[in-house]
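**Student:** Sequence:
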Amino acid sequence: MFKISMTPRFGDIDGLRHVNNNVLGVWFETGRNDIFRFFTPNLSLDYEDWKLILVRTEYDYLGQMFFDGDVEIRTYITKIGNSSFTIGHEAWQDNELKAKGLAVLVHFDFIEQKSVPIPDDIRTKLEEHLIDEADIGKL
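Each residue of the sequence shown is one higher than the last, beginning at 1 in my numbering.
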């Protein structure tokens, strides 16, 4: 599991005085950076180097997050397929789970425009962060 801390910015807050729901997607994407490095160690954004494509995201908002405290983003793997894998995310503030979500990514060849199998060495790295779905929200 990977953990990062996000500090809400003034601009992240909406008229209801809580973290706006659109911010969560950005924070969860930031939480995926360590996983991106498995596929592209130098995080090059060159078309020829990038190896992943996002095909699905979903979020559940469980409680409001506010400006006055950091938010811990927890990121882990929930499923590994042949060319795709699912990433789980959690957002915690004040020791409470405030949001959770999933993102499905595909190992993708942008030149050939097709999915490709996840290499064994990367699969092994992903497996090190595999969390049983029954444990989600309890970590």
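Treat each hint with caution, since some may be false.
Listed next, with one range per pair, are the computed distances between beta-carbon atoms [to be verified]:
hint, residue 1, residue 2, range
1, D34, D60, 14 to 24 Å
2, I4, F67, 17 to 27 Å
3, N95, P117, 17 to 27 Å
In silico BS3-like links for lysine-lysine, alpha-carbon gap of 27 Å or less [what the hints assert, rightly or not]:
hint, residue 1, residue 2
4, K100, K125
5, K51, K114
6, K79, K3
7, K51, K98
8, K114, K3
9, K79, K125
10, K98, K3
11, K98, K114
If you're looking for bench data, these hints aren't it; they were derived computationally from the structure. Yeah, the Cβ is synthetic: ideal placement off N, Cα and C, and Gly gets one too.
**Student:** When the structure is checked against the list of hints, which entries are broken? Sort them ascending.
**Tutor:** 3, 7, 8 and 11
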